[in-house]
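S.K.: If you want the building blocks of each chain, they are given just below.
2 protein chains.
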Amino acid sequence: MSKIYQIKEFAADEKNLQLQETIFHNANGYIGIRGTLEEGVPEDWDTMRGTYINGFYDIAPMKQAEKLCNLIEDKESMLNVADTQTIEVSFAGRFFTMAGQKHCSCTRTLDMEKGITNRRVDWSSEEGWRVRFDITRMASFEERSLFVIDYRFQPVDFEGMVEIHSKHLGLVKNYCNPQDPRLAGESHEHLRKEEVYPWQNGGCLVSSTMESHLKVASAVVNAVTLNQEEQPAARAAYDEGAHGIDIVYRFRVKPGDEVRILKYSVFEDSIRHEDFRKLAEKKAVRAVEKGIDYYYGKQKAFLKEFWNNSAMEIMGDDELNASVCFNMYQLLQSAGYDGYSSIAAKGLSGEGYEGHYFWDTEMFMIPYFALTNPEIARKLLEFRYKTLDKARKNAKLLGHERGVLYPWRTITGRECSGYYPSGTAQYHINGDIAYAVILYYKATGDWMFMKEMGMKILLETNRLWLDIGNYYKGQFHINCVTGPDEYTCMVNNNYYTNACAKYSLEWFGKLSGRFREEEIEWKQFAEENALTDTELNEMKKAQERMFLPYDEELGINPQDDSFLQKPIWDLAHTDKEKFPLLLHYHPLHLYRYQVCKQADTVLAHYLFPEYQDRRTEESSFLYYEKITTHDSSLSTCVFSIVASKLGLQEKAYSYFGDSAKMDLLNTHKNTKDGIHAANMGGCYMAIVNGFALLRAEEEKLSLAPTLPKAWDGYRFRIRYHGSLLEVRVTEETCRIERIRGAAVPIELYHRQYKLDEKNSVVEVACKGK
Amino acid sequence: MSKIYQIKEFAADEKNLQLQETIFHNANGYIGIRGTLEEGVPEDWDTMRGTYINGFYDIAPMKQAEKLCNLIEDKESMLNVADTQTIEVSFAGRFFTMAGQKHCSCTRTLDMEKGITNRRVDWSSEEGWRVRFDITRMASFEERSLFVIDYRFQPVDFEGMVEIHSKHLGLVKNYCNPQDPRLAGESHEHLRKEEVYPWQNGGCLVSSTMESHLKVASAVVNAVTLNQEEQPAARAAYDEGAHGIDIVYRFRVKPGDEVRILKYSVFEDSIRHEDFRKLAEKKAVRAVEKGIDYYYGKQKAFLKEFWNNSAMEIMGDDELNASVCFNMYQLLQSAGYDGYSSIAAKGLSGEGYEGHYFWDTEMFMIPYFALTNPEIARKLLEFRYKTLDKARKNAKLLGHERGVLYPWRTITGRECSGYYPSGTAQYHINGDIAYAVILYYKATGDWMFMKEMGMKILLETNRLWLDIGNYYKGQFHINCVTGPDEYTCMVNNNYYTNACAKYSLEWFGKLSGRFREEEIEWKQFAEENALTDTELNEMKKAQERMFLPYDEELGINPQDDSFLQKPIWDLAHTDKEKFPLLLHYHPLHLYRYQVCKQADTVLAHYLFPEYQDRRTEESSFLYYEKITTHDSSLSTCVFSIVASKLGLQEKAYSYFGDSAKMDLLNTHKNTKDGIHAANMGGCYMAIVNGFALLRAEEEKLSLAPTLPKAWDGYRFRIRYHGSLLEVRVTEETCRIERIRGAAVPIELYHRQYKLDEKNSVVEVACKGK
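So the protein sequences, as listed, match chains A and B.
Under this note's numbering, the first residue of the first sequence carries the number 118, and numbering increases by one thereafter.
Under this note's numbering, the first residue of the second sequence carries the number 118, and numbering increases by one thereafter.
Worth flagging that the hints you see were computed from the coordinates, not collected in a lab.
Note that the structure is a prediction, hence the values are computed from the model and not measured.
We treat Cβ as the ideally placed atom computed from N, Cα and C, and that holds for glycine.
It cannot be assumed that every hint is accurate.
Stated by the list, open to error - Simulated crosslink set (EDC-like; lysine to aspartate or glutamate; CA at most 16 Å straight-line):
id, chain 1, residue 1, chain 2, residue 2
1, A, Lys683, B, Asp584
2, B, Lys184, A, Glu303
3, A, Lys590, B, Asp650
4, B, Lys826, B, Glu815
As the list claims (entries may be wrong) - To be clear about the criterion: a stretch of chain A counts as covered by chain B if any three or more of its residues have a C-beta under 8 Å from a C-beta of chain B, and this derived list gives those stretches:
id, region
5, 539-548
6, 676-683
7, 694-706
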């Protein structure tokens, strides 16, 4: 399977440009650089020229229109840091640009095996001079602080002076759009110049943030050659206006000459390292010493291992193959891996949602990493563990005496949601994080993690359920919360939330039982956390009596207590231009109807199959399907999974298609602001947990693969309890192979197998066609 | 009954000062001037030095923390206009001040028969010089644009030069307090200088507002006399810093001399008059010509008529008498009377709630005016009629296809609520305004008004009920609104709201029936408003099937569908410092409990006795009483009325006491920001509609007076269908006299009488002791 995504005849018009800035961004979980053009675009073009560091933020004011007690009034916001990508080249004074050029052909490529993006341009100047450009960019997985531009050009028929400006700019701002609630509405000055010191072929720039008092250093070294020979005639200039450095080269070229600019940029920040400035310099020097080929090699090796562990192939549909592969690669590019960061809704690809982490990580992306790169999943959970104290403060702000409440959107763990009805009120975030902890444990069996961090997260999030809930007519109720579906807010007994809470309480009880066997450690845990049997019993009772709304007449689980009393939104007669509804209707109006932005109860049915029977699941699926707009990008993937489960194969496939190509086809029309990272995880789940009906349980891995009609087959690799397995489904058979690792108990089409020393493969007839 | 409220030994410390600025403010429905000291206070003291014009506003930004579709992002805010009250007097260079002075005794008086405030000060300077001050202020009811300060002083033992600065300052700002949600959080520049032109003994100042593009002129004339002789040695100076005028007098005085400064200020604005500047000048000149005694005389006559029509006396409790009288006077001072304005929550006495009009006017103040000054009640309703178009726009913003939705808080009719869950979501405002229209009609029989304005208001507000509601299991539901109790927001079937809607629909049907008899006019009305029989039938059906929640087990009306499912807030164990709860708990936390800020269902039971039986009313009263904090100033008066109705006389009296003295005793601790105008109306209602159980019905006036134990008796005058009546209740008898006007049918203790030519008095034994 080729892992290349390419756009031929790329046209640099304003709209297309922004979209492709996202698609061709380079990131490695630490830094992300949008696929903007080195040479820039006209000043009046709307471009999001950004370089981001995962978890690096400033605090922006977010005053409430009316002040109410304990509402959030400032927010963390991911910063655009120094621009090191600018390279301007002129030929006898004529600057290279693609903007509005007729005689310019361009191909852009993302190579997911090499881990690079590339832009090739055949350019003709207004004078008719032709020059070929070949520009490669890479955010290194070997050295995550490193971003390299390998910029080459060759005059075809030009002879004369060429001038190169390789810039490093400090005066950058974040993008803003006051019209779109999903982007920052105001532009603030966030960065202050601390130090700028150029050297002959580059320089270093240190900035500090206004409010969060963080610092970031960017060190840049340029290496320019003409026909493979070094070109020393550089001149460094301080660019006063932009608080930056401009390294200038001037020399003569003739047709056929090969010019190459290697620009190494290293970013380090004060969150992760005290000596971040020195470190950046040191790494920049080392990068030049090791040379680009060293990093190209390491990048390829890293990705070989990545694809080996998480191989995914769909036979008989190359386009889909490319989309799925693209999605998995983007997840890798986006994921924090160091415990200081998580995965932003848009990864590191753009400024949508201001770089905030949501439930997206736990519910849509950790499931992917837990099965393919459990080390990353663990680090993502570690991030939540580290922020327990902030979640405790958040719970206190909301009036809770015990437990923690994770923030709906955050960078460091503080709540950054300004509109609590569809923000902080989404208490299910607690259950989502607990779910991910349990899922990680089920997929990996990592009991050490549970003892170190997982159990503590479960305990504290569960304590909150006890604090918020109350008994009414013998059942445990959770009032005034918002479920995942943001088109209905602040309701009582949201089915999803209650199911989440029940599951999390149940598993905490179960795992406490296991923990208790390690007497000394359990005692220590209980003591440290003032956990008593009384409290454990309280949890057990709440779990057992958790109210899960059910409507006899329709045979479905209502989304909440009063959902079915509301009129049904007439989607058939709603103008197409009125979608997404949230941009066209006052929230209060939306809340008054049966209309869903996304899967809510349907998601609960996927996650917690034990809490309702299959008939309820089917009736509910059909009911909610009719009233869901999928205005949220997290919706179609879930509908696909549940459709698979219910044997509604055509629907499953159709929803899957919507999910798989969301960004490449820009179906939500806002990929320009960044990828839809959660949907990418959801797309993966739609295959593995949907079509293949895979469930990683504590004691076994169960599957019941189906094969979409359009496909010849599919295969994927996953890790389960440390072992690497490959699942291959064709029209004829379903085959599971243990590639490496210990024996694995398997339940395939409801029959038990064991992939052990004797039999490392099980192959049976494919039953789901 | 003496109508004087006096504070002897008034101490000018910072805290007391602010409170008394409110208590001793002068207003007349058009202008309001806080009772600040002419000479000022030290610069670092927190004072709200303000002059306000009813309905005069600017627009201030009110950005939402997160932008959502159609949320309000700016607000109207009542402006502090030019300061004309500053008079500074110095004796041989030593300025008169009360701040922090030991040797200074002061009496402040509010005379509600003369319509003036007065401050008498015996002052000793640090040098030991003694001077007596006697300062009277008046906002004229004869000439509502006019504010006069009658400033007199007399040196006791001082001899030397006196210097008087009578200032007129344009550079004023509104008060702000970022800690209190009930005040503006930010201070904005709202006024721009347009013209300043001094004349010898005064001057004129014209300012315009930044955003609303309104203009205001203030014209001032000073007349200074020494021992009754004119003192011509004035010098006018332009005060650059304050954009104002400083009229300076310097002359010699000796012990016993009498100095008098008469300062006439006239305010006019561009909302009401195109030639507002000339008008202000003209009126200022005329005021000087007519002289102060003319206005004193007119003021007294006006108030004589006022007290004659709305006489109220409680026999045997002078203090209470004074409080009740104070409340009625404040209502008069506060009420807009010109159709351009209404009554702000704080009247014209301070900047709390930014001068906004709420439901307070319709539900707590119009009931008072309809019975005492129906002309004012009519004007207040006219204001709502004039803003129908803005209410229609507001409905559209909320997604409603038909009808109007009145704003929760406003100055010109635009919604100014920044937090919609306890703002715009209070749809009951529509029912409140409809209720006031019906109440006004019942009390006055003013059918002309109904045809001109009332029916249109009823039609359009009722149309909204049809638009928002839906049928569920055969009953008409209203979802996702907030009732008067802001401690529970965005609920389904709030009892109060549904009852309001039912009542309003019912009366529109009834009145349409009457209107129909006037065939031509009805046809015209129906045509103009596209009103069909189908729509009328729709309204009838909705009314008949309106869902009014009832709980069998408790025998009460639940506040809303899910109220009783929530846990009861433990008020007994809540720290006293945690009240009002809204300042100490996140709204989401409050919403999760059975806890009420104010009467909600209990208010509905008072207003709509026909929708539940007495037993339900009693059980409900006792139930809600236990969970109501009365954090809202609108609560105790309603509890008092309903307690009276239920025969719970002691409770009725206790709640009444809380209500009657709220501002004079500063029980809510924020009277410094302005009076609680609605509570003042509520206090009146607690007597007339509570103790006297008076109901003005369409065909008759019904009463069943009770007498609180502590009282010897009480009497009050009201107007009903144009006639003036006096009700007098003593331990022995209840006596009703028709003072003037046509015959009036009376129902007294459930027996029918007619006060006509033959019998203008009915007197029976008092039954309610």
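S.K.: Hints first: check each against the structure and report whether it holds.
M.R.: Tested hints:
no.: 1; hint: A:Lys683 to B:Asp584; result: holds (13 Å)
no.: 2; hint: B:Lys184 to A:Glu303; result: holds (11 Å)
no.: 3; hint: A:Lys590 to B:Asp650; result: violated (46 Å)
no.: 4; hint: B:Lys826 to B:Glu815; result: violated (32 Å)
no.: 5; hint: 539-548; result: holds (count 3)
no.: 6; hint: 676-683; result: holds (count 4)
no.: 7; hint: 694-706; result: holds (count 8)
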